[in-house]
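**Student:** Single-letter residue listing:
4 protein chains.
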Amino acid sequence: MLLLLWENRPFLMHKLKYTGINEAGNWVRSLTQESHKAKEFSYCPYSMSCYVENTCFSLGLCAERTAINKAMSEGYQKFKVILCSDLEDRVIAPCGACRQVMREFGDMPVFMTKVDGSYTTMTLEELLPLAWGTEYLKK
Amino acid sequence: MLLLLWENRPFLMHKLKYTGINEAGNWVRSLTQESHKAKEFSYCPYSMSCYVENTCFSLGLCAERTAINKAMSEGYQKFKVILCSDLEDRVIAPCGACRQVMREFGDMPVFMTKVDGSYTTMTLEELLPLAWGTEYLKK
Amino acid sequence: MLLLLWENRPFLMHKLKYTGINEAGNWVRSLTQESHKAKEFSYCPYSMSCYVENTCFSLGLCAERTAINKAMSEGYQKFKVILCSDLEDRVIAPCGACRQVMREFGDMPVFMTKVDGSYTTMTLEELLPLAWGTEYLKK
Amino acid sequence: MLLLLWENRPFLMHKLKYTGINEAGNWVRSLTQESHKAKEFSYCPYSMSCYVENTCFSLGLCAERTAINKAMSEGYQKFKVILCSDLEDRVIAPCGACRQVMREFGDMPVFMTKVDGSYTTMTLEELLPLAWGTEYLKK
Chain A
1 MLLLLWENRP FLMHKLKYTG INEAGNWVRS LTQESHKAKE FSYCPYSMSC YVENTCFSLG
61 LCAERTAINK AMSEGYQKFK VILCSDLEDR VIAPCGACRQ VMREFGDMPV FMTKVDGSYT
121 TMTLEELLPL AWGTEYLKK
Chain B
1 MLLLLWENRP FLMHKLKYTG INEAGNWVRS LTQESHKAKE FSYCPYSMSC YVENTCFSLG
61 LCAERTAINK AMSEGYQKFK VILCSDLEDR VIAPCGACRQ VMREFGDMPV FMTKVDGSYT
121 TMTLEELLPL AWGTEYLKK
Chain C
1 MLLLLWENRP FLMHKLKYTG INEAGNWVRS LTQESHKAKE FSYCPYSMSC YVENTCFSLG
61 LCAERTAINK AMSEGYQKFK VILCSDLEDR VIAPCGACRQ VMREFGDMPV FMTKVDGSYT
121 TMTLEELLPL AWGTEYLKK
Chain D
1 MLLLLWENRP FLMHKLKYTG INEAGNWVRS LTQESHKAKE FSYCPYSMSC YVENTCFSLG
61 LCAERTAINK AMSEGYQKFK VILCSDLEDR VIAPCGACRQ VMREFGDMPV FMTKVDGSYT
121 TMTLEELLPL AWGTEYLKK
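Top to bottom, those sequences are chains A, B, C and D. Take 1 as the starting number for the first sequence in UniProt numbering and just add one per residue. Take 1 as the starting number for the second sequence in UniProt numbering and just add one per residue. Take 1 as the starting number for the third sequence in UniProt numbering and just add one per residue. Take 1 as the starting number for the fourth sequence in UniProt numbering and just add one per residue.
Read the hints as simulated data drawn from the structure, not as lab findings. These numbers were taken from a predicted model, which means no experiment stands behind them. Treat the hints with care, since some could be wrong.
So the derived label-pair ranges between C-beta atoms look like this [as the list claims (entries may be wrong)]:
id, chain 1, residue 1, chain 2, residue 2, range
1, C, Met-122, A, Lys-78, 25 to 35 Å
2, A, Lys-78, B, Met-122, 52 to 62 Å
3, A, Val-115, C, Met-122, 14 to 24 Å
4, A, Met-122, B, Pro-109, 14 to 24 Å
Residues of chain A clear of chain D, computed beta-carbon distances all greater than 12 Å [as the list claims (entries may be wrong)]:
id, residue
5, Gly-25
6, Ser-58
7, Ala-63
8, Ala-67
9, Lys-70
10, Ser-73
11, Glu-104
12, Pro-109
13, Lys-114
We put the CB at the ideal spot given by N, CA and C, even for glycine.
Okay, chain A solo, but in the shape it has when bound (with noise of 0.2 Å):
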C-alpha cells in the first residue's frame, strides 16, 4: 500500500494502512502531520513555484511529478491514492502536467488537505475529464 505526499518533501508511506474513503479522516490526519515536518528539502532558490528549481525553469519539476517519479524509480508502479497537502489555510490542486502524469496510473481520489487538515476530495477524471491516454497513440 502506498500513498504519495508532497507541498512539502514528496515521500511514500508505506507503513499507513490505507482503510478506505470512509476512514479518510484518519490518515489524512497522519499524512498531514507528517507532511509539515518535511518542508525543508525543498530546492527553490528562484520563485517557490516548483520544487525542484532550476536555472533554466524548463527544467525544474513539481514536486507532485517528483514524488511520482522518485515511487517508480523505487519500483512502485501503483497508487491507490494521491494526497497534496498545502501548509496553508487553502485548497492547492495539482497542475495539468501533474495531473496527466497521474492519470497514467488510472482514475483514483485525490485529496487536497489544508493546514488544518481539512480536505476536498476529487478524483483523477474530475480532475482531468476527457483525458489523454496511450489509447490515442497511433501505432
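Put chains B, C and D on the given structure of chain A with help from the hints.
**Tutor:** For chains B, C and D alone, kept in the frame of chain A given last:
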C-alpha cells in the same frame, strides 16, 4: 481576433470573424477544413504522439503548446477560443500540460472536432477545474 | 536558406543570403540589428529567465526552442546556422536542453553575438560533445 | 559522500567512500556492478528512450534527472561525482537537458562506463561549455 488550430499544423486565424458561440458551426467547419490541408508539417519520426518530437523524448512538444508559443512569439497574448481538430472519427482533448498552458490566458471555450466537422465543446474551467494559477505563487 | 534569430523574438530569415563563414560579419550584423527591434514580444511576467513563461514554471520554454518549434511548424527542418543575440555586452550560449533540440538537426555553427555585433562562434558538436542522439534509441 | 548511478535505476550511494580520481577504477567497478542488478525498475512501455515515460511524451523524464530530483527530495544538494553506466558495450553521455540540471550544482567529473566497467571521464564544464547559469538571470 485569433483562433488556434492544431492536431495537424498549429496556426493562427486572423481573417475569420468570431461571431459567437451560436454560430460556432460555421467557423468550426471552416477551421476543420483548413486543418485537414496541413498535416504534412509535423515532425514525428518516432511515435506520432507529439507534434514536435526529439530524440530525448522529454524535449518534444505537443501541437497545442507549439501553437500557443508560436502565437506568443508573434505578439498575441489574448485568445477567445481554442479549437482542437482530429483527422479521425473521435474527439481528442488536449493533454494536462497543454490545458495548464492555455489556462494562463484565462477561461475560454475549447472546441474539439471530429473529422466530419461535428464537435464537442467544454470550457477550460471544465477541462481543468481548480487550476493552479498565478494566485498561488508565493511572493 | 534559413537562419534562426532569438533572445528577443524568435524568427526566421528567408531573404538573407548565407554566404559562408568567411562573410559572417555581414549577415551577423544584419541579424543583430533586426533582433534589437523585436524585444517587445516576449512573455515573461515572472522571471525574465524564459522566453515564454508559465505559472507552472516547468511548462515555460526558452526562446531557442520556441524558435525551432515555430520553424518546424512552418515546414522547415533544415538549418544551416544558428544565431543567438544578446542585448547586453556579453555572450550568451543556449541552455543544455536547447542544445539537445538543435542537435536533432545535425551539427552546425552557432554564432553568439553581443549588443555591439561582435560575436563568438562554436559548433554544436563543441557545445554538446558526445551528444545523445537517435543512434542510442533501442528499437 | 554521494554518488548518483543510473541508466538503470537512479540511486544514491552513501556507504561508498569516494577516495578521489586516482582510485576511480575501484569505486566505478563497484557502482557498475550495482547498477546491473537494478534494471527492472524503469517504466518505459513506449520507447525505452526515457527512464520514466508518459503517454504525453514531453512529460517523461530521463534517468539522470530522476536521480537528481530524487536526491534533492531527500535533502542532498551537493554532488562530488556523477556516474552514467550503460548495460551495453558503448559509452552514453547524458542528454543536454540533464547536463543543464547537473550544472546547477557546479562543475564535477562525470564518469561514463561501459558494461565491462571500463570508462571515459569528462568534466561537466567539458560536456556543457559556456553553460547558462544563474549569473544570467535578470533580477
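**Student:** Compare the structure with each hint and give your call.
**Tutor:** Here is how each hint holds up against the structure:
no.: 1; hint: C/Met-122 <-> A/Lys-78: 25 to 35 Å; in the structure: violated (47 Å)
no.: 2; hint: A/Lys-78 <-> B/Met-122: 52 to 62 Å; in the structure: violated (30 Å)
no.: 3; hint: A/Val-115 <-> C/Met-122: 14 to 24 Å; in the structure: violated (51 Å)
no.: 4; hint: A/Met-122 <-> B/Pro-109: 14 to 24 Å; in the structure: holds (22 Å)
no.: 5; hint: Gly-25; in the structure: holds (27 Å)
no.: 6; hint: Ser-58; in the structure: violated (9 Å)
no.: 7; hint: Ala-63; in the structure: violated (8 Å)
no.: 8; hint: Ala-67; in the structure: violated (7 Å)
no.: 9; hint: Lys-70; in the structure: violated (5 Å)
no.: 10; hint: Ser-73; in the structure: violated (5 Å)
no.: 11; hint: Glu-104; in the structure: violated (5 Å)
no.: 12; hint: Pro-109; in the structure: holds (21 Å)
no.: 13; hint: Lys-114; in the structure: holds (23 Å)
Taken one by one, the earlier hints fail for this structure at numbers 1, 2, 3, 6, 7, 8, 9, 10 and 11, listed in ascending order.
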